[in-house]
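Trainee: Protein sequences, first through last, are from chains A and B. Residue 1 is where the first sequence starts when you use the numbering used here, and the numbers rise one by one after that. Residue 1 is where the second sequence starts when you use the numbering used here, and the numbers rise one by one after that.
List of simulated lysine to aspartate or glutamate pairs, DMTMM-like, C-alpha gap at most 20 Å:
#  : chain 1 : residue 1 : chain 2 : residue 2
1  : A       : Lys170    : A       : Glu142
2  : B       : Lys270    : A       : Asp254
3  : B       : Lys190    : B       : Glu305
4  : A       : Lys270    : B       : Glu142
5  : B       : Lys270    : A       : Glu142
6  : A       : Lys170    : A       : Glu299
7  : B       : Lys270    : A       : Asp258
8  : A       : Lys317    : A       : Glu29
9  : A       : Lys317    : A       : Asp24
10 : B       : Lys170    : B       : Glu299
11 : A       : Lys317    : A       : Glu17
12 : B       : Lys270    : A       : Asp65
13 : B       : Lys317    : B       : Glu22
14 : B       : Lys190    : B       : Glu326
15 : B       : Lys298    : B       : Glu119
16 : A       : Lys298    : A       : Asp116
17 : A       : Lys270    : B       : Asp254
18 : A       : Lys147    : A       : Asp195
19 : A       : Lys270    : B       : Asp258
20 : B       : Lys190    : B       : Asp203
21 : B       : Lys317    : B       : Asp24
22 : A       : Lys270    : B       : Asp65
23 : B       : Lys190    : B       : Glu299
24 : B       : Lys298    : B       : Asp116
FYI, nobody ran anything at the bench for these hints, they're computed from the structure.
There are 2 protein chains.
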Amino acid sequence: MPLPDRNRRFLLARVPEGMPRESDFLLQEEARPACPANGVLVRSIWISVDPYLRGRISGIRTYIDPIPAGSVMESAAVGQVVESQTPNIQAGDFVTGMWGWQDYGAVDAARVRVLDPAEAPIQTALGLLGGTGMTAYFGLTELCAPKQGETVLVSGAAGAVGSAVGQIAKILGCHVVGTTGTEAKSEYIKSLGFDGALNYRTDLPYRQSLSQLCPNGIDCYFDNVGGELTDAAMQMMNFRGRVAVCGQISQYNDRSLDVGRRPFTEILVKQLRVEGFIVTRWASRFAEGRRQISVWMKEGRLRCEETVYEGLENTPKAFIGLFRGENTGKALVHV
Amino acid sequence: MPLPDRNRRFLLARVPEGMPRESDFLLQEEARPACPANGVLVRSIWISVDPYLRGRISGIRTYIDPIPAGSVMESAAVGQVVESQTPNIQAGDFVTGMWGWQDYGAVDAARVRVLDPAEAPIQTALGLLGGTGMTAYFGLTELCAPKQGETVLVSGAAGAVGSAVGQIAKILGCHVVGTTGTEAKSEYIKSLGFDGALNYRTDLPYRQSLSQLCPNGIDCYFDNVGGELTDAAMQMMNFRGRVAVCGQISQYNDRSLDVGRRPFTEILVKQLRVEGFIVTRWASRFAEGRRQISVWMKEGRLRCEETVYEGLENTPKAFIGLFRGENTGKALVHV
Chain A
1 MPLPDRNRRF
11 LLARVPEGMP
21 RESDFLLQEE
31 ARPACPANGV
41 LVRSIWISVD
51 PYLRGRISGI
61 RTYIDPIPAG
71 SVMESAAVGQ
81 VVESQTPNIQ
91 AGDFVTGMWG
101 WQDYGAVDAA
111 RVRVLDPAEA
121 PIQTALGLLG
131 GTGMTAYFGL
141 TELCAPKQGE
151 TVLVSGAAGA
161 VGSAVGQIAK
171 ILGCHVVGTT
181 GTEAKSEYIK
191 SLGFDGALNY
201 RTDLPYRQSL
211 SQLCPNGIDC
221 YFDNVGGELT
231 DAAMQMMNFR
241 GRVAVCGQIS
251 QYNDRSLDVG
261 RRPFTEILVK
271 QLRVEGFIVT
281 RWASRFAEGR
291 RQISVWMKEG
301 RLRCEETVYE
311 GLENTPKAFI
321 GLFRGENTGK
331 ALVHV
Chain B
1 MPLPDRNRRF
11 LLARVPEGMP
21 RESDFLLQEE
31 ARPACPANGV
41 LVRSIWISVD
51 PYLRGRISGI
61 RTYIDPIPAG
71 SVMESAAVGQ
81 VVESQTPNIQ
91 AGDFVTGMWG
101 WQDYGAVDAA
111 RVRVLDPAEA
121 PIQTALGLLG
131 GTGMTAYFGL
141 TELCAPKQGE
151 TVLVSGAAGA
161 VGSAVGQIAK
171 ILGCHVVGTT
181 GTEAKSEYIK
191 SLGFDGALNY
201 RTDLPYRQSL
211 SQLCPNGIDC
221 YFDNVGGELT
231 DAAMQMMNFR
241 GRVAVCGQIS
251 QYNDRSLDVG
261 RRPFTEILVK
271 QLRVEGFIVT
281 RWASRFAEGR
291 RQISVWMKEG
301 RLRCEETVYE
311 GLENTPKAFI
321 GLFRGENTGK
331 ALVHV
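Chain A with its partners taken away, still in its complex shape (with noise of 0.2 Å):
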């Protein structure tokens, strides 16, 4: 079958306001990049939706620029080479890189890594084996550096992200429970190894599920939800607990301002480190932290689903369905 000549790519629109709609994203066609010099041409055969990106079209400077209106959408995405201008990547090579939203990535050879089909699935290189995988790992055990027995609170915890810090913090020996919004997704996590399930639709008021959920206070926090979950947590800690704030997401579509309960009299009274956190920090550490998981998957003692989105054309509503709790585990688009 020759190669399509076309390249279809999504570019974004406008800026979000809220909850991101389609409209913000618009397709369109060009013609098929060219190879660059240094670089390798791979045609998409996954591409990652990730909550962060909900931030990097917010039109605001943060850690780096915005995406600009007019540009293609930035993610992480998996291919096959077709072609190369570089020695040490061949025709046919599975690679991945953050080409975007895109048919094809016209990439330089020190931005693509190239993986090995025979060690793993290679859409795992968006999740375990990627930045999902790294986020879990050094976010966990970096920042909250959980000791064996104590306690793990993991919130969104049927998310990427989410089900790979609990799973990660069984291995150390902890106590975990995990916040999810239905109850299929709560028997998800129960069936990954974690101790208890917290359903923030239907289990009110927060405070009293997490003192039966965790009956000995909460030494870490793993947040990926904030808001009155967080709350309820954060009275909940226990003396020099730590908490990694890795993720707001019911935040970020929200545009008023996030009142809610000031965290500092628990932050001094229990002496809390809480510390947020981007998990290109450890960037110079991912092959160290690409190992460890990758040991932990073939023992079986690590794990993740995946939600699949046939078809380039629906990345965007991939990517909405994010904030609408649609995916279990990670969500990847399969070109």
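Let chain A serve as the given structure and place chain B on it in line with the hints.
Mentor: For chain B alone, coordinates are given in the frame of chain A:
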């Protein structure tokens, strides 16, 4: 002059609701206590009142059990030994310990520290060379870890801890801004070398005042106050900024929920680290801290105003004054 044979002492009469009142404390007399075996009998000269005591009389267990109603108010004090049953301390020695709001302390030898009055005025053992100085020194250097050229914001900057924090940050080469509650206090901290001062009663909105005073944003925030000042400071924090939560004096007497801006999105996006602390965490390093502060005091680079209340009977008044912003620098009772 013979020693008075009566011991006046303040008991906690009841757990205060909101702002403490003098009637929450009961002045009682008993016979002068005996000198304990392996201990000393000390006559109080100086008594320290500190904001953290509000937490100790809240009726709530925090890092330690609260002072129960009917017990003597615990607090740091300095006095002179009138009788000793321990070989290493002689009558006439000056010592510091935690015997509290009373004329006499009957204290185990292991729970006092002998002072050298030739080294520094003895009451500095309650200020720069005591818990106050240790709180400023370790909280700032360990949790904020400011680098030369960075901007440090200190709230409650005219207080004992805040004024020390700001001076140490200046010694470390930082741009230092403090918040106070009066123009006189703002002038005072500028006389100590602070680069700027914000009067929280008049310099509204805080965000705008802080923008002018901290044109390069805030790298380190040493918080003694909390509330809306903290809301504004959090918005001004720079990437990888550090927040040391030392006190929340604006909230201590407020029994309503501390409602305001949740800081977690700022913490996430800027990868902030926020940590609460109680200075006893570094107790094993206090000798090191005193050595360093002593050097800076002798070099004239670190000093502390004293607000002195005369007479043991005025101890509750001195304590309550802390929450009314009456003191500049260290609040002390001269017995």
